[in-house]
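For the protein sequence lines, the chains are A and B, in the order given. Numbered continuously in UniProt numbering, the first sequence closes out at residue 202. Numbered continuously in UniProt numbering, the second sequence closes out at residue 202.
Derived from the structure by calculation, the hints contain no laboratory data. Each hint should be verified, as a subset may be incorrect.
Chain copies aren't distinguished; within one or between two, either way the pair holds.
Lysine-lysine pairs mimicking BS3-like chemistry, simulated, CA-CA at most 25 Å apart [to be verified]:
1. Lys58 to Lys32
2. Lys106 to Lys60
3. Lys116 to Lys106
4. Lys60 to Lys116
5. Lys32 to Lys60
6. Lys116 to Lys32
Number of protein chains: 2
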Amino acid sequence: MTQPRRGRPPAQDSADTRDRIIEAATELFATKGFHGTGVAEIGTRADVQRGALYYHIKSKEDLLWGILRDYTNVLLAEAEAVSATDDDPTTKLHNLIRSHVTLIVKYQREVGIQIKDSGALTGGSAAQLQELRDRVQQQWQQVLDDGCATGDFRTNDHVITNSLLGLVNMVWFWYRPGGSSTPTEIAHMIAAMVFDGITTRN
Amino acid sequence: MTQPRRGRPPAQDSADTRDRIIEAATELFATKGFHGTGVAEIGTRADVQRGALYYHIKSKEDLLWGILRDYTNVLLAEAEAVSATDDDPTTKLHNLIRSHVTLIVKYQREVGIQIKDSGALTGGSAAQLQELRDRVQQQWQQVLDDGCATGDFRTNDHVITNSLLGLVNMVWFWYRPGGSSTPTEIAHMIAAMVFDGITTRN
Numbered sequence: 001m002t003q004p005r006r007g008r009p010p011a012q013d014s015a016d017t018r019d020r021i022i023e024a025a026t027e028l029f030a031t032k033g034f035h036g037t038g039v040a041e042i043g044t045r046a047d048v049q050r051g052a053l054y055y056h057i058k059s060k061e062d063l064l065w066g067i068l069r070d071y072t073n074v075l076l077a078e079a080e081a082v083s084a085t086d087d088d089p090t091t092k093l094h095n096l097i098r099s100h101v102t103l104i105v106k107y108q109r110e111v112g113i114q115i116k117d118s119g120a121l122t123g124g125s126a127a128q129l130q131e132l133r134d135r136v137q138q139q140w141q142q143v144l145d146d147g148c149a150t151g152d153f154r155t156n157d158h159v160i161t162n163s164l165l166g167l168v169n170m171v172w173f174w175y176r177p178g179g180s181s182t183p184t185e186i187a188h189m190i191a192a193m194v195f196d197g198i199t200t201r202n
Numbered sequence: 001m002t003q004p005r006r007g008r009p010p011a012q013d014s015a016d017t018r019d020r021i022i023e024a025a026t027e028l029f030a031t032k033g034f035h036g037t038g039v040a041e042i043g044t045r046a047d048v049q050r051g052a053l054y055y056h057i058k059s060k061e062d063l064l065w066g067i068l069r070d071y072t073n074v075l076l077a078e079a080e081a082v083s084a085t086d087d088d089p090t091t092k093l094h095n096l097i098r099s100h101v102t103l104i105v106k107y108q109r110e111v112g113i114q115i116k117d118s119g120a121l122t123g124g125s126a127a128q129l130q131e132l133r134d135r136v137q138q139q140w141q142q143v144l145d146d147g148c149a150t151g152d153f154r155t156n157d158h159v160i161t162n163s164l165l166g167l168v169n170m171v172w173f174w175y176r177p178g179g180s181s182t183p184t185e186i187a188h189m190i191a192a193m194v195f196d197g198i199t200t201r202n
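Please model the complete structure; the sequences and the hints are all you need to start from.
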């Protein structure tokens, strides 16, 4: 093994440190908000000295960008995987809802940061995040478009696509771990409402 | 007319000043976030001197509480008015959706502050806001309960009540003034999905 250069931590330590910083920033942004969190505080929580901190990150905004980018990439990858199957549009939409609800519960901190503080991103990172989010939305839109083309769905209006994504995103707002319904049950009830509505006349 | 006491502005001026402060705080909280807004900045925007500012408000948190309380009271009053009619549950739920979407568009700044920064409230005001929000939700729950009792709806699960409120609240997230659909059209499309679902098999 080569000796690490002076002043430069070995790659594995460096990755561990960066993970600790991201974990600390995620926890602090989620509980105190982006603006309410200081860089020094992130360093303290991650147990990283201030000088070393800036070796690993460019800025607080860069951390925010990294957290939201990684989360949105997970959403996008799952949406693309669902979309790429040979399932019919109804099954795909059901799977999109289930996958999204499950991820929102798993990434509850990141979703909160997204909803509350994505406006703190500026310039290129704001545009790139918006592009990633648009690509997620396009997967949902495509499934709705396909469902209209096959005659399964009676609408593919953007209002409905936005509403569906809003609906599943807001699970973040009211979901409590240990509540009376599991994420799978929640996804199933939401899907039943989306497909068949709540009236008995259907 | 009696002469105002020294150091105390006349009642009308005082109400105007308080309105200006609330307007300035609403605008700043909505655009820069609660934590990103300084009290001095609110004073400057409202054109009120720092000393006079604290005559009108107790604290920045007190302003946040006042803004969210007033908005939630408007929501509650409308929900109670809809609920108090003799309409059937389907009509009531349709009216709740329309009223809520209309108010969310009208109070877009307040909804944003609610979603992003209501967590900054502490103690009694946090509890009181939660109580007001619970009362709004109870109106929706009551209409769902009634609709199940009459056999019009097939579910009154809390997941559905939460989802409906989440769905309409998230109109805040994607609604753009001048977009392709008016608030009334948006409410109508959401109601159609909620009642009858999006599949053609119904």
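Hints versus structure:
Within a single copy, Lys58 and Lys32 get their C-alpha atoms as close as 21 Å, and across copies as close as 22 Å, so both meet the 25 Å cut-off. Proximity of Lys106 to Lys60 under the C-alpha cut-off of 25 Å is restricted to the intra-copy arrangement: shortest distance 23 Å within a copy versus 34 Å between copies. Taking the shortest Cα distances, Lys116 and Lys106 sit within 25 Å of each other both inside one copy (17 Å) and across copies (20 Å). Within a single copy, Lys60 and Lys116 get their C-alpha atoms as close as 16 Å, and across copies as close as 19 Å, so both meet the 25 Å cut-off.
Taking the shortest alpha-carbon separations for Lys32 and Lys60, both the intra-copy value of 14 Å and the inter-copy value of 16 Å come in at or below 25 Å. In the homo-oligomer, the alpha carbons of Lys116 and Lys32 lie at most 25 Å apart both inside one protomer (11 Å) and across protomers (11 Å), since each shortest distance falls under that limit.
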